[in-house]
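Line by line, the protein sequences give chains A and B. Every letter in the first sequence is one number past the one before it in this note's numbering, and letter 95, counting from 1, is 95. Every letter in the second sequence is one number past the one before it in this note's numbering, and letter 33, counting from 1, is 33.
Because the hints were derived from the structure by calculation, they are not lab data. Among the hints, a few may not be true.
[What the hints assert, rightly or not] Listed next, the stretches of chain B that the computed footprint assigns to chain A, with coverage defined by at least 3 CB atoms under 8 Å from CB atoms of chain A:
{"#": "1", "stretch": "44-53"}
{"#": "2", "stretch": "82-95"}
[Said to hold, decoys possible] When the alpha-carbon atoms are kept at most 25 Å apart in a straight line, the in silico DMTMM-like pairs for lysine to aspartate or glutamate are as follows:
{"#": "3", "chain 1": "A", "residue 1": "K104", "chain 2": "A", "residue 2": "E186"}
{"#": "4", "chain 1": "A", "residue 1": "K59", "chain 2": "A", "residue 2": "E89"}
{"#": "5", "chain 1": "B", "residue 1": "K27", "chain 2": "A", "residue 2": "D99"}
{"#": "6", "chain 1": "B", "residue 1": "K41", "chain 2": "A", "residue 2": "E186"}
{"#": "7", "chain 1": "B", "residue 1": "K24", "chain 2": "B", "residue 2": "E36"}
{"#": "8", "chain 1": "A", "residue 1": "K147", "chain 2": "B", "residue 2": "E61"}
{"#": "9", "chain 1": "B", "residue 1": "K85", "chain 2": "A", "residue 2": "D99"}
{"#": "10", "chain 1": "B", "residue 1": "K81", "chain 2": "A", "residue 2": "E159"}
{"#": "11", "chain 1": "A", "residue 1": "K105", "chain 2": "A", "residue 2": "D39"}
Here the structure is a predicted model, which means the values were calculated and not measured. Where is the CB? At the ideal position from N, CA and C, for every residue including glycine.
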Amino acid sequence: MHYIGTIIALYIYIQIISKGIHSNEEEYLMSDKELFNKDLVFLDYEVTDRNDFFTKISKLMFEKGYVTTSFYEAITTREGNYPTGLQTETIGVAIPHTDPENLKKPFIAVIRPKKEIEFEPMGMTEGLVKAKLIFVLGVLRDGGQVKVLQKLMYMLMNETAVNKLLNANENENVIEIIDEFFENVEI
Amino acid sequence: MAKIIVACGSGVATSQAVASKITKLLKQRKINAEVEAVDIKSLKTYIKNADVYVSIIRTKEVYSIPVVDGVAFLTGMGQEKELEKIINAVNAANDKK
Numbered sequence: 001m002h003y004i005g006t007i008i009a010l011y012i013y014i015q016i017i018s019k020g021i022h023s024n025e026e027e028y029l030m031s032d033k034e035l036f037n038k039d040l041v042f043l044d045y046e047v048t049d050r051n052d053f054f055t056k057i058s059k060l061m062f063e064k065g066y067v068t069t070s071f072y073e074a075i076t077t078r079e080g081n082y083p084t085g086l087q088t089e090t091i092g093v094a095i096p097h098t099d100p101e102n103l104k105k106p107f108i109a110v111i112r113p114k115k116e117i118e119f120e121p122m123g124m125t126e127g128l129v130k131a132k133l134i135f136v137l138g139v140l141r142d143g144g145q146v147k148v149l150q151k152l153m154y155m156l157m158n159e160t161a162v163n164k165l166l167n168a169n170e171n172e173n174v175i176e177i178i179d180e181f182f183e184n185v186e187i
Numbered sequence: 001m002a003k004i005i006v007a008c009g010s011g012v013a014t015s016q017a018v019a020s021k022i023t024k025l026l027k028q029r030k031i032n033a034e035v036e037a038v039d040i041k042s043l044k045t046y047i048k049n050a051d052v053y054v055s056i057i058r059t060k061e062v063y064s065i066p067v068v069d070g071v072a073f074l075t076g077m078g079q080e081k082e083l084e085k086i087i088n089a090v091n092a093a094n095d096k097k
């Protein structure tokens, strides 16, 4: 009798555990589409400078429930220590980000400022980067998002895609452009 | 096998993307090497066993192993030149062993 009870209990236990594993897998395999969101696209964004940008965007992302109150401090400190300006052949961009402990939910916000914002360059190059597009990366430590970042970088090297992004009129269009590129690119 | 380490500020996003790209490029050229994205805080430890350091941060330090500009793999600008540096270092390391 006990034997059957044990088997049933074990069976139920395994079901629960495997459901737990699957939901982790789903998060892990979170698709590109779920990181981008038309509510996180800001076109013709008005800010006076980089600090103003971080102040405004941190407040916004906090209000939308994506980041904690430590986000602003963390992202500005990190930008100061490890700048994220990148100059590709086609465009100047920035990909500010910070440690996952400042995040509530993963995301990628897309900002096209009305006026270029200056960022210090990543790595060893000289000269400021005048960013026409900024991608705030709210990415977690594990996995799936690395592919998204790679696709993002490929997209920013693609003149056609970049021009479309610079000329898009609606948030939805921006998402469509990104989705289309991500679907077709091979990394 | 030769070892390449990549480090950025937090080891979360950019170093992994760069490591991934380098792995792919080396595979295309049939070059064997281990590529690892590491946390900048643990850099000194990893450097001891590595043959090339791919840097994504601004650094003035001099290391005993070749340092390559990792940003080139993110922007595509000057990527080929940096890849050559990696390949040379890997070949040199493999010759020694």
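Violating hint indices (sorted, rising): Of the numbered hints given earlier, those the structure breaks are 1, 2, 3, 4, 5, 6, 8 and 9, listed in rising order.
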